[in-house]
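Order-wise, the sequence lines are chains A and B. Heads up: the first sequence begins at 1 in the numbering used here, then just goes up one per residue. Heads up: the second sequence begins at 1001 in the numbering used here, then just goes up one per residue.
Please note that the accuracy of each hint is not assured.
Said to hold, decoys possible - Restricting the straight-line Cα-Cα distance to at most 25 Å, the calculated cross-link-like pairs of lysine to any residue (SDA-like) are:
id	chain 1	residue 1	chain 2	residue 2
1	B	Lys-1249	A	Thr-73
2	B	Lys-1177	A	Asp-39
3	B	Lys-1177	B	Pro-1191
4	B	Lys-1249	A	Arg-38
5	B	Lys-1249	B	Leu-1051
6	B	Lys-1227	B	Val-1325
7	B	Lys-1177	B	Ile-1079
8	B	Lys-1227	A	Arg-38
9	B	Lys-1249	B	Thr-1080
10	B	Lys-1257	A	Met-43
11	B	Lys-1249	A	Val-72
12	B	Lys-1227	B	Gly-1237
13	B	Lys-1227	A	Asp-39
14	B	Lys-1053	B	Lys-1257
15	B	Lys-1227	A	Gln-36
16	B	Lys-1052	B	Val-1325
17	B	Lys-1249	A	Ala-35
What the hints assert, rightly or not - Partial list, derived from the structure: chain B residues whose beta carbon lies under 7 Å from chain A:
id	residue
18	Ser-1274
19	Thr-1287
20	Gly-1340
21	Thr-1341
22	Ser-1430
23	Asp-1434
Stated by the list, open to error - Listing some non-contacts, in silico: residues in chain B with all C-beta distances to chain A over 12 Å:
id	residue
24	Asn-1076
25	Leu-1162
26	Gln-1163
27	Tyr-1220
28	Gly-1271
29	Ala-1277
30	Asp-1337
31	Arg-1339
32	Arg-1366
33	Ala-1419
34	Ser-1425
35	Arg-1431
36	Gly-1435
To be clear, the hints were calculated from the coordinates, so they are not data collected in a lab. Predicted, not measured: the structure shown is a model, and the values here were computed from it. Backbone N, C-alpha and C define an ideal beta-carbon position, used for all residues, glycine too.
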Amino acid sequence: MLLVPCPHCGPRNSADMSYQGEASSRPDPSSATPAQWRDYLYMEHNPAGWLKENWYCSSGCRRFFSVERHTVTSEFREPPLPGSKTAEPGAGTDRQGGGS
Amino acid sequence: MTKQVIELSEKSAKLSPVFRRNQAPRYSAAALLWRGVRNDSWPRVWREPQLKKSYDAVVVGGGVHGLATAYYLAANHGITDVAVLDKAYLGSGGSGRNTAIVRSNYLTPEGVAFYDRSLDLYNTMSADLNLNVMFSERGHLTLAHTDSAVRTMRWRAEVNKLQGIDSTVIGPDEISKIAPSLDTSPNTRYPILAALYHPPGGTIRHDAVVWAYARAADAYGVDMHQKTEVQDIVCEGGDGPDGKGPGAKVTGVRTSKGDVSAPVVINCTAGWASLIAAMAGIQLPITTHPLQAAVTEPVKVFLPTVVVSGSLHVYVSQTDRGELVFGASVDPFATYDMRGTLDFTEELAGHVLELMPAVSQMRLQRQWAGLCDITPDYSPVMGFTPVEGFLCDVGWGTYGFKAGPVSGEQMAKCVADGATPDLISPFALSRFNDGVLVGEKGAAAVGH
């Protein structure tokens, strides 16, 4: 279980949430090349470290939000306040702790 | 009696010439008796060699897939200058953490053909590799609790029958005959409407599979290096930084025990696959999720088959020692954290009691988690990548153990021939570029 810090509802059990995966910005459908579009659809960074990801607070405020979580230690970084601009997607994907 | 044993051991000696070639001792009843009488100790099962400066091929990851690949490279293709590197010990990842279930009743024709070949290899493994892997062909029941699940079962059964796989849909009466401990009454919250019965499915001792491949590969001269962590993959000529990325060529790996040059590097690292691929500048369509499992205290044998319920997210089998082994679906968020959680235990217990109310007094002994590399279509990523000499056998999610032997065999063929074998061509990384996905979610997401 994770306690996910929803910026609106506060910390809530991850079972109350719906995980939306890595935060990535959608390329402009009118100008994206097929390769860019496929990368957006399928490819993942999947880092062992800080990951910026999206959650949907499905049993609470029913809003989407981005938050940074460490995928090895399960710590969360302070979530951004509602309405504030969030960092660029892909930030915080430093790779560490990997190996054979 | 003794004559029979000797005849048997001679017969199996012909099946696997491996252990005569390098004078490694064969395992047999006669050898056990002989060493027992003379009070001889058994030699180490595999060597601990020094890391060489160069190899013909390096396999990253010492689990079933990596070891099988190394073994078949040596046994089928004569490529014996191979190193298997693992950052911990052999079988320390998913190979030693899965629930040891094998079956071939998948949903897509590609999947069925593939897993059926794997089951064939598992069937003869004890004789081929001269180590008892304790294959118990006890049958496999996948329960359906809803009309739509029954429909999917029928679909799977028909796909299976077309390909010659023994797989039928049976009703509650027959289910009760096969597994009387299941509650098939219509008054439960999730009544059991039907089941897909797959008699060739069963369980295998997963550690023994790891040891069997390691020992057989060692007898061919394959070097296995434990506690040797791959820190980087050395490439040249690529578009990305340090000559990595698409168009590059692999020249070797950098490990915690020194550099190794090799023209071929095979990534068999399951949950850690994205990290190893990133070292070569390759991005994979994979997220890492933990799958939790648990085991109870031992009781007398009462559950004769493997029982799976997709709707209740649980699969259960009883070991030879009498413990019930449970598995569930993967945790819903991506993480490399392998801690067990209470909400898993709670949910599991609730669902198991739905199926088998009689086990309510049993206690759980322990729980654990393993990392699963999940792809968007629940099919693996196998074969060549845009980096020359860098191959992947990853994306195995929750179903990697049952595919170990055939993956090793086909990956070895892939390396030796320099071309993708037909059996694994549907699973190429390029399918995501071409938009030809192999959707196995219906049969693979939970159903084990």
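So, going through the hints one by one against the coordinates:
no.: 1; hint: Lys-1249/B / Thr-73/A; in the structure: violated, 35 Å
no.: 2; hint: Lys-1177/B / Asp-39/A; in the structure: violated, 50 Å
no.: 3; hint: Lys-1177/B / Pro-1191/B; in the structure: holds, 17 Å
no.: 4; hint: Lys-1249/B / Arg-38/A; in the structure: holds, 24 Å
no.: 5; hint: Lys-1249/B / Leu-1051/B; in the structure: holds, 22 Å
no.: 6; hint: Lys-1227/B / Val-1325/B; in the structure: violated, 29 Å
no.: 7; hint: Lys-1177/B / Ile-1079/B; in the structure: violated, 50 Å
no.: 8; hint: Lys-1227/B / Arg-38/A; in the structure: violated, 37 Å
no.: 9; hint: Lys-1249/B / Thr-1080/B; in the structure: holds, 22 Å
no.: 10; hint: Lys-1257/B / Met-43/A; in the structure: violated, 32 Å
no.: 11; hint: Lys-1249/B / Val-72/A; in the structure: violated, 31 Å
no.: 12; hint: Lys-1227/B / Gly-1237/B; in the structure: violated, 30 Å
no.: 13; hint: Lys-1227/B / Asp-39/A; in the structure: violated, 34 Å
no.: 14; hint: Lys-1053/B / Lys-1257/B; in the structure: holds, 11 Å
no.: 15; hint: Lys-1227/B / Gln-36/A; in the structure: violated, 38 Å
no.: 16; hint: Lys-1052/B / Val-1325/B; in the structure: violated, 41 Å
no.: 17; hint: Lys-1249/B / Ala-35/A; in the structure: holds, 22 Å
no.: 18; hint: Ser-1274; in the structure: holds, 4 Å
no.: 19; hint: Thr-1287; in the structure: holds, 5 Å
no.: 20; hint: Gly-1340; in the structure: violated, 11 Å
no.: 21; hint: Thr-1341; in the structure: holds, 5 Å
no.: 22; hint: Ser-1430; in the structure: violated, 11 Å
no.: 23; hint: Asp-1434; in the structure: violated, 9 Å
no.: 24; hint: Asn-1076; in the structure: holds, 24 Å
no.: 25; hint: Leu-1162; in the structure: holds, 30 Å
no.: 26; hint: Gln-1163; in the structure: holds, 28 Å
no.: 27; hint: Tyr-1220; in the structure: holds, 21 Å
no.: 28; hint: Gly-1271; in the structure: violated, 9 Å
no.: 29; hint: Ala-1277; in the structure: violated, 9 Å
no.: 30; hint: Asp-1337; in the structure: violated, 5 Å
no.: 31; hint: Arg-1339; in the structure: violated, 8 Å
no.: 32; hint: Arg-1366; in the structure: holds, 18 Å
no.: 33; hint: Ala-1419; in the structure: holds, 24 Å
no.: 34; hint: Ser-1425; in the structure: holds, 19 Å
no.: 35; hint: Arg-1431; in the structure: violated, 10 Å
no.: 36; hint: Gly-1435; in the structure: violated, 8 Å
In summary, the structure is inconsistent with hints 1, 2, 6, 7, 8, 10, 11, 12, 13, 15, 16, 20, 22, 23, 28, 29, 30, 31, 35 and 36 from the numbered list given earlier, while agreeing with the others.
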